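Position chain B against the provided structure of chain A, taking the given hints into account.
Residue numbers (the numbering used here), protein chains in the order written: chain A, 175 to 641; chain B, 175 to 641.
Honestly, I wouldn't trust all of these hints.
One copy or any two copies: either way a pair holds, since identical chains are not told apart in the list.
Within a straight-line C-alpha distance of at most 35 Å, the following computed DSBU-like cross-link-like pairs (lysine-lysine) qualify [to be verified]:
(1) Lys347 with Lys413
(2) Lys195 with Lys347
(3) Lys500 with Lys195
It should be emphasised that the hints constitute simulated quantities derived from the structure, not laboratory data. Because the structure is a prediction, the values reported are computed rather than measured.
2 protein chains.
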Amino acid sequence: MTTTALDFARRNQPRFLEGLKTLLRIPSVSTDPDHREDVRRAAEHIAAELTHIGLENVHLIETTGTSPTAHPLVYADWLHAPDAPTVLFYGHYDVQPPDPLDEWLSPPFEPTERDGNLYARGAVDDKGQMFMHIKAVESLFAAHGSLPLNVRFLIEGEEEVGGEGIAAYVATKPANLAADFCIVSDTSMFAPGLPTLCIGLRGMIYTEIEVRSARVDLHSGYGGAAPNSFNALAHILAKIKDESGRILIPGILDTVQPPAEDELRSWRSLPFNEDEFRESVLGCQAIVGDARFSVFERLWAQPTFDVHGIPGGFTGVGAKTVIPAKATAKASMRLAPNMTAADTFRRFREYVQQICPLGVSVEVRLIHSAEPSLIPVDNPWIRASASAMTEVWGRETVFVRTGGSIPIVGDLQRHLSLPCVMMGFGLADDNLHAPNEKFSIHNFHLGIESILRFLERASTLRPDRHA
Amino acid sequence: MTTTALDFARRNQPRFLEGLKTLLRIPSVSTDPDHREDVRRAAEHIAAELTHIGLENVHLIETTGTSPTAHPLVYADWLHAPDAPTVLFYGHYDVQPPDPLDEWLSPPFEPTERDGNLYARGAVDDKGQMFMHIKAVESLFAAHGSLPLNVRFLIEGEEEVGGEGIAAYVATKPANLAADFCIVSDTSMFAPGLPTLCIGLRGMIYTEIEVRSARVDLHSGYGGAAPNSFNALAHILAKIKDESGRILIPGILDTVQPPAEDELRSWRSLPFNEDEFRESVLGCQAIVGDARFSVFERLWAQPTFDVHGIPGGFTGVGAKTVIPAKATAKASMRLAPNMTAADTFRRFREYVQQICPLGVSVEVRLIHSAEPSLIPVDNPWIRASASAMTEVWGRETVFVRTGGSIPIVGDLQRHLSLPCVMMGFGLADDNLHAPNEKFSIHNFHLGIESILRFLERASTLRPDRHA
Numbered sequence: 175m176t177t178t179a180l181d182f183a184r185r186n187q188p189r190f191l192e193g194l195k196t197l198l199r200i201p202s203v204s205t206d207p208d209h210r211e212d213v214r215r216a217a218e219h220i221a222a223e224l225t226h227i228g229l230e231n232v233h234l235i236e237t238t239g240t241s242p243t244a245h246p247l248v249y250a251d252w253l254h255a256p257d258a259p260t261v262l263f264y265g266h267y268d269v270q271p272p273d274p275l276d277e278w279l280s281p282p283f284e285p286t287e288r289d290g291n292l293y294a295r296g297a298v299d300d301k302g303q304m305f306m307h308i309k310a311v312e313s314l315f316a317a318h319g320s321l322p323l324n325v326r327f328l329i330e331g332e333e334e335v336g337g338e339g340i341a342a343y344v345a346t347k348p349a350n351l352a353a354d355f356c357i358v359s360d361t362s363m364f365a366p367g368l369p370t371l372c373i374g375l376r377g378m379i380y381t382e383i384e385v386r387s388a389r390v391d392l393h394s395g396y397g398g399a400a401p402n403s404f405n406a407l408a409h410i411l412a413k414i415k416d417e418s419g420r421i422l423i424p425g426i427l428d429t430v431q432p433p434a435e436d437e438l439r440s441w442r443s444l445p446f447n448e449d450e451f452r453e454s455v456l457g458c459q460a461i462v463g464d465a466r467f468s469v470f471e472r473l474w475a476q477p478t479f480d481v482h483g484i485p486g487g488f489t490g491v492g493a494k495t496v497i498p499a500k501a502t503a504k505a506s507m508r509l510a511p512n513m514t515a516a517d518t519f520r521r522f523r524e525y526v527q528q529i530c531p532l533g534v535s536v537e538v539r540l541i542h543s544a545e546p547s548l549i550p551v552d553n554p555w556i557r558a559s560a561s562a563m564t565e566v567w568g569r570e571t572v573f574v575r576t577g578g579s580i581p582i583v584g585d586l587q588r589h590l591s592l593p594c595v596m597m598g599f600g601l602a603d604d605n606l607h608a609p610n611e612k613f614s615i616h617n618f619h620l621g622i623e624s625i626l627r628f629l630e631r632a633s634t635l636r637p638d639r640h641a
Numbered sequence: 175m176t177t178t179a180l181d182f183a184r185r186n187q188p189r190f191l192e193g194l195k196t197l198l199r200i201p202s203v204s205t206d207p208d209h210r211e212d213v214r215r216a217a218e219h220i221a222a223e224l225t226h227i228g229l230e231n232v233h234l235i236e237t238t239g240t241s242p243t244a245h246p247l248v249y250a251d252w253l254h255a256p257d258a259p260t261v262l263f264y265g266h267y268d269v270q271p272p273d274p275l276d277e278w279l280s281p282p283f284e285p286t287e288r289d290g291n292l293y294a295r296g297a298v299d300d301k302g303q304m305f306m307h308i309k310a311v312e313s314l315f316a317a318h319g320s321l322p323l324n325v326r327f328l329i330e331g332e333e334e335v336g337g338e339g340i341a342a343y344v345a346t347k348p349a350n351l352a353a354d355f356c357i358v359s360d361t362s363m364f365a366p367g368l369p370t371l372c373i374g375l376r377g378m379i380y381t382e383i384e385v386r387s388a389r390v391d392l393h394s395g396y397g398g399a400a401p402n403s404f405n406a407l408a409h410i411l412a413k414i415k416d417e418s419g420r421i422l423i424p425g426i427l428d429t430v431q432p433p434a435e436d437e438l439r440s441w442r443s444l445p446f447n448e449d450e451f452r453e454s455v456l457g458c459q460a461i462v463g464d465a466r467f468s469v470f471e472r473l474w475a476q477p478t479f480d481v482h483g484i485p486g487g488f489t490g491v492g493a494k495t496v497i498p499a500k501a502t503a504k505a506s507m508r509l510a511p512n513m514t515a516a517d518t519f520r521r522f523r524e525y526v527q528q529i530c531p532l533g534v535s536v537e538v539r540l541i542h543s544a545e546p547s548l549i550p551v552d553n554p555w556i557r558a559s560a561s562a563m564t565e566v567w568g569r570e571t572v573f574v575r576t577g578g579s580i581p582i583v584g585d586l587q588r589h590l591s592l593p594c595v596m597m598g599f600g601l602a603d604d605n606l607h608a609p610n611e612k613f614s615i616h617n618f619h620l621g622i623e624s625i626l627r628f629l630e631r632a633s634t635l636r637p638d639r640h641a
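For reference, chain A alone in the conformation it holds in the complex (with noise of 0.2 Å):
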């Protein structure tokens, strides 16, 4: 059967390609309301194409998130393997905003091929890597006319605002999600050609500080004697981090747990060059972070404080001499295992009052969060798809964590006790969050044939609802 799905895959390869591009030509970008229509529309793409595979109960879910950032949930199933396991595949149709936009060589929703990759906003995170699901379902479809295991999918369009919609459905219609195993490709492969399954997420809290100095901006005349919003923020900013990279938080490092010995071990064994990393990944003068910990551990294990931006104040061409009133930090926290978001931010915010310079005031909102998960290697899901990935790559699967956050595996996991199996095919200098951001084509394509082969395994798999 396999010989089948994969020679339509292969055959189909520049269709499979042009379709992804048609996607992303789709500025689907959650988190800005004048791109509200674009993100439906992706939405109503993606159904298209779920109905014409040969899907069924394909509809649009609307959310209740909280507007102008609720975006629908794409469902769709095929149930017709009664005594074969069940698999819901997730992934995201939203995207990043694509700014800075002049650093782009190629326009972010014209989708461009250069040396082997597809550049554009959403290539990898994760309109390519949920493409890759679609167009696995679409060719074992396609050879059989049927399925060899039951499916369904549920694609969401908030992943890069926090998913609170997605988050909702899952804790009050566990029902309709019913599922042994969930995949999900919104990670990436160790290094070029190895394959990898993360078993690991930290979890996260995106938070607003904002300071408060006086009912109006003043001149800087006053300066000496005024309090300067600015000045009071980068003073708390610089107390929830040294600048050794030790989060000073009281008590937030001694929840933490720390990764098992073996795991460790196994870290220790991947193929990792720090200064190769350092250059060719981050792109910086020198690696960061608390040194009482490994690269892996700082990424993987540890929590971590990191500023996004700082509205407010004048940001405009030349200079203006003015104290503003008021100052944001947009920052936010990932989460090591065994931290929740509910005691950080509570933990957070009371640190930051009490840290609160003299003339200010401070205000603490916590924007959106995720808790942290592991997932253990053993599972028998992860095991199978372990061996479809060392098929098709030809060489041992690895397993890591990665230091990003996917809400909707924690809840997965709280919700519906769904393990799920995360195989990325991203590659750590795809840019993504960034410009030029890309996706390499031999991954998409390598990447359905994986998920072909993992999903043939595991429907020779008993479900095991009760494990």
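Relative to the frame of chain A, chain B by itself:
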């Protein structure tokens, strides 16, 4: 003679106010390239006014300041009183940007009267105060058909963007500006109804501190190992001035000239309620700053450091989990008497380079600068002005300094040995550089009378060009 000119000024109050409104309707925002034509329109409007009131040799002087914020000077003179002294009137016709627009109660460029005040961007800084000079001279001319002293006007359009053009002109063409004293009305009264001469100004260096952490923006999943330009910038800013308000740049405080004991004593006698100042002027919870110094010393006689804004990063609606490759703080220092812009900037830049955190690089740019200045109280023009103000306002004139900077004052002292008589009629709650800028209409009219009477008294003094 005074009576006649005063009568003219009083009879023409409504017309003078309408004339000011017409000028305020021109959005001459010098820092904004989109308002380039408006700035020129304001210059031409003033040139027409100066011609209309009887001045000669009226013309625009193109400046060579950094495009696109180069705007012309307006020059005019009347030099037919050979034995009388010559006054140089200085003012500026450019204004600060009006943002944040949504905090204005009436549109910034539609002058609106409320409660005896005229609300508009530029009402007090400096169109309204500069216009008083024109109207005072117009009144003298209209009453007598000539002037009792020689007059030059030099009005610039780059004050809010650093005044490069006028600085270059003053440095290179001093002969064109030969005079005995200068009148500047760009300061405030110490209290409503209290005639005030400002004899000291702080200088300034306006800088941009640009931190680079990586070649491109990174996904914040790399947080913990990747340097973050914003976090690093916060550490730099927090180390320039500590939370107690003390500047931490080595050597900076050693260069400050402390005020003389009798000046300190006179400051202590000024009508000043610290809590009232905090509440109604600063509009903040607490006065901050270096507790070793009084509030007046902090504002007038000590340097400070204020951050004005931090462009870059993600500042849009919603959430973007990015580690920005670049963060730029717009930040300035105010300089106390005896400090120099060049020495301060050198120390500032060296210190910032020295405290730059691991993993990032920093570049410090000087956007513009102004020297501090201090004028002796017993200067004859200062004494004549004080007497004129006392006569008009019915109270003893007080001598203060200001925490702001008027770069041209230092330049006129240095290149032309001109003492600047700073007769300001603004009030502390005029919201200059902020939304809802205003000018007291009463002060506008008494300001014209004060200048009239001062010109009268000054015309009887013997010019002493070698004093």
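Now for the hints, and whether the structure bears them out:
no.: 1; hint: Lys347 with Lys413; result: neither (42 Å within a copy, 52 Å between copies)
no.: 2; hint: Lys195 with Lys347; result: within (33 Å within a copy, 64 Å between copies)
no.: 3; hint: Lys500 with Lys195; result: between (43 Å within a copy, 31 Å between copies)
This entry does not satisfy hint 1, going by the numbered hints stated previously; all others are met.
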